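Asks: Below, each chain spelled out in residue letters.
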Amino acid sequence: MDRKQKRLLFVSAAALLVLFLLSLLSGPAGLINPADPAKRSILLNLRLPRAIGAILAGCGLSLSGAIVQKVFHNSLASANLIGINASVGFFSLLAGVIFPLSFTAGTVFGFLGGMLCAGLIMALVWRKKASRLTVLLAGMAISQLFSAGIDLLTILAPDLLSGYASFRIGSLASLTLSKDGMSALLICSAAFLTFLFSDELELFALGDRQAQALGLSVRKWTILFLALASLMACGVVSLCGMLGFVGLIVPAWLSRFGFSMKSYLAACLLLGAALVLAADLAGRLIVLPWELPAGLILSLIGGPYFLVLLLERSRHGA
Amino acid sequence: MELEARDLTCGYGRRRIVEDFDYSFEPGKLYIILGKNGSGKSTLLDTLGGWLPPIDGSVQFDDMNLSHLKPSARAACTGRIAAGLEKLDLRVDRFVLLGAYSRKKGPYTGQDEALRDQAMEQMGIAHLADRRMDEISAGERQKAAIAQILVQNPVCLFLDEPGSNLDPEARFELMDLLVSLRAENRILIAVLHDLDLALRYGDELLVLADHHLYFHGTPEELIDQEILDDVFTIIARDYDPDTRTARFFRKNGQRTGK
Numbered sequence: 000m001d002r003k004q005k006r007l008l009f010v011s012a013a014a015l016l017v018l019f020l021l022s023l024l025s026g027p028a029g030l031i032n033p034a035d036p037a038k039r040s041i042l043l044n045l046r047l048p049r050a051i052g053a054i055l056a057g058c059g060l061s062l063s064g065a066i067v068q069k070v071f072h073n074s075l076a077s078a079n080l081i082g083i084n085a086s087v088g089f090f091s092l093l094a095g096v097i098f099p100l101s102f103t104a105g106t107v108f109g110f111l112g113g114m115l116c117a118g119l120i121m122a123l124v125w126r127k128k129a130s131r132l133t134v135l136l137a138g139m140a141i142s143q144l145f146s147a148g149i150d151l152l153t154i155l156a157p158d159l160l161s162g163y164a165s166f167r168i169g170s171l172a173s174l175t176l177s178k179d180g181m182s183a184l185l186i187c188s189a190a191f192l193t194f195l196f197s198d199e200l201e202l203f204a205l206g207d208r209q210a211q212a213l214g215l216s217v218r219k220w221t222i223l224f225l226a227l228a229s230l231m232a233c234g235v236v237s238l239c240g241m242l243g244f245v246g247l248i249v250p251a252w253l254s255r256f257g258f259s260m261k262s263y264l265a266a267c268l269l270l271g272a273a274l275v276l277a278a279d280l281a282g283r284l285i286v287l288p289w290e291l292p293a294g295l296i297l298s299l300i301g302g303p304y305f306l307v308l309l310l311e312r313s314r315h316g317a
Numbered sequence: 000m001e002l003e004a005r006d007l008t009c010g011y012g013r014r015r016i017v018e019d020f021d022y023s024f025e026p027g028k029l030y031i032i033l034g035k036n037g038s039g040k041s042t043l044l045d046t047l048g049g050w051l052p053p054i055d056g057s058v059q060f061d062d063m064n065l066s067h068l069k070p071s072a073r074a075a076c077t078g079r080i081a082a083g084l085e086k087l088d089l090r091v092d093r094f095v096l097l098g099a100y101s102r103k104k105g106p107y108t109g110q111d112e113a114l115r116d117q118a119m120e121q122m123g124i125a126h127l128a129d130r131r132m133d134e135i136s137a138g139e140r141q142k143a144a145i146a147q148i149l150v151q152n153p154v155c156l157f158l159d160e161p162g163s164n165l166d167p168e169a170r171f172e173l174m175d176l177l178v179s180l181r182a183e184n185r186i187l188i189a190v191l192h193d194l195d196l197a198l199r200y201g202d203e204l205l206v207l208a209d210h211h212l213y214f215h216g217t218p219e220e221l222i223d224q225e226i227l228d229d230v231f232t233i234i235a236r237d238y239d240p241d242t243r244t245a246r247f248f249r250k251n252g253q254r255t256g257k
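Top line first, the protein sequences correspond to chains A and B. Going by numbering that gives the first Met the number 0, the first residue of the first sequence is number 0, and it counts up by one from there. Going by numbering that gives the first Met the number 0, the first residue of the second sequence is number 0, and it counts up by one from there.
These are calculated hints, taken from the structure and not from any lab test. Computed from a predicted structure; not experimentally measured. Careful: at least some of the hints might be erroneous.
[To be verified] Estimated spans, in silico, between C-beta atoms of each pair:
id: 1; chain 1: A; residue 1: L299; chain 2: B; residue 2: Q121; range: 47 to 57 Å
id: 2; chain 1: B; residue 1: T217; chain 2: A; residue 2: K5; range: 50 to 60 Å
id: 3; chain 1: A; residue 1: F196; chain 2: B; residue 2: Y11; range: 23 to 33 Å
id: 4; chain 1: A; residue 1: F196; chain 2: B; residue 2: R15; range: 31 to 41 Å
[As the list claims (entries may be wrong)] Here are some of the chain A residues that sit facing chain B, going by a computed Cβ distance under 8 Å:
id: 5; residue: G180
id: 6; residue: M181
id: 7; residue: L205
id: 8; residue: G206
id: 9; residue: Q209
id: 10; residue: Q211
id: 11; residue: L213
id: 12; residue: G214
id: 13; residue: S259
id: 14; residue: S298
The beta-carbon is built from N, C-alpha and C at its ideal position, and this holds for glycine as well.
Here chain A stands alone, though its shape is the one from the complex (with noise of 0.2 Å):
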């Protein structure tokens, strides 16, 4: 690692744990005092289960979308954009109005929908040669579709959807511990073997079949990398709802400083949960005492930016 990449993971890790505190100690009810007993129910009851889950989120997104990024080759594609999140999103949902009662049902359900969409986007590639460009609109394209599917269920099961008002948006409030835990189950452990595998990860930046030449299994490597990524996603959608552009912009700005791949999927993680955390208190305190939800502001950095990144690339004639 040389020095500049030394220094935005230090710069990363210490923004992340500015934010952390931040988002502890300030909010609507205003800053809080960790020695003074009657707010600190406040502090671990509703500040410390959000910031918890923010980091979460954060992480499992930008990871899912490294991941692949890194698969199909395509520094402009995410878990979001080519549709594995409202995938996700509408199967766990149809889960809640199947199931009103199961957690684990909606889990599964998501991740069923995460893997069909990955699927669909992975025959695409393979049996009809499809460019670039081609996948990030067929993505666009089941996005739509399921987010439709998201609408038409909130509106015929108002009742038992009445809490996923902000699902489509995504938002971090009313998180609580245990809520936490079972993303956290999910999305450590898909990043833990996300890690593990990094070294077959990284073959794919030489191409499909040089990968393939070299001793990989490519289509193995490709099944088990996008169920890692939809695992991620299903973690974070059951957390906060589809929250965007994390997943885009933060891989897709880190890929420039030529990272090996472990700093770099470290790397992700840090910068990951810095900018989801910091969106979430963003939100909280732009228009006090309302609240933004985190989706919103990440919406309006990571359009934005979404755009730079297609024109840098139509530039350089990709």
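Given the coordinates of chain A, assemble chain B onto it according to the supplied hints.
Replies: Showing chain B alone in chain A's frame:
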């Protein structure tokens, strides 16, 4: 140790691109596949390497069916010199090390790193170890790709259009390097566009036309049978068997050399 294609038909899905290809490749030779654009050279190359399953027939190496092998086992038989690396942001030493992937269990070992250092030394790129692939010249990238395949150490080496973006000197250097690899009892198979380099360096030339193997033989036989005229409508004059060079003219074109 032969690479043998038996009644091979290759292509994608139902699209048959090369049909009835029957040929044995022997160690210690550089084979060059020629053909017009779209004649299926790259498809044939990918099928011979065992990476694209054949539509019909088989590719055998040492009596093993290549497309039935696991990728990691196949990597000991066939390897491919990487191309299209202009935008790769890996460090050069890391890129070369990836050649050891098929043998590793767990992390890359010190032995893998020793092999890498040796290969980089052999290719004369040891001083580039901490540079990034997208920062070095096309010629240096090509050498890094060869160093990678030396670490992988397969018996059959495949190249698709090597040197198409190299400057003239680097092209000759590359071909000299390839020819020197023959000595280690390897089978080298390259797809080439450049007729001049093909004549100079190829031990056996294979010409694809009309979905079939149209010709195979030495450069001299290629000239004698006027294959270039039939397939490329190119005429070769004044062939010199010692340097294996000729002057090329377009048939019926201007500047026909008369």
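Asks: A separate judgement is required for each hint: does it hold in the structure or not?
Replies: Now the hints, each set against the structure:
no. : hint                             : in the structure
1   : L299(A) with Q121(B): 47 to 57 Å : holds, 54 Å
2   : T217(B) with K5(A): 50 to 60 Å   : holds, 57 Å
3   : F196(A) with Y11(B): 23 to 33 Å  : holds, 29 Å
4   : F196(A) with R15(B): 31 to 41 Å  : holds, 37 Å
5   : G180                             : violated, 31 Å
6   : M181                             : violated, 32 Å
7   : L205                             : holds, 6 Å
8   : G206                             : holds, 6 Å
9   : Q209                             : holds, 5 Å
10  : Q211                             : holds, 5 Å
11  : L213                             : holds, 5 Å
12  : G214                             : holds, 3 Å
13  : S259                             : holds, 7 Å
14  : S298                             : violated, 29 Å
Hints 5, 6, 14 from the list above are not met by this structure, while the remaining hints are.
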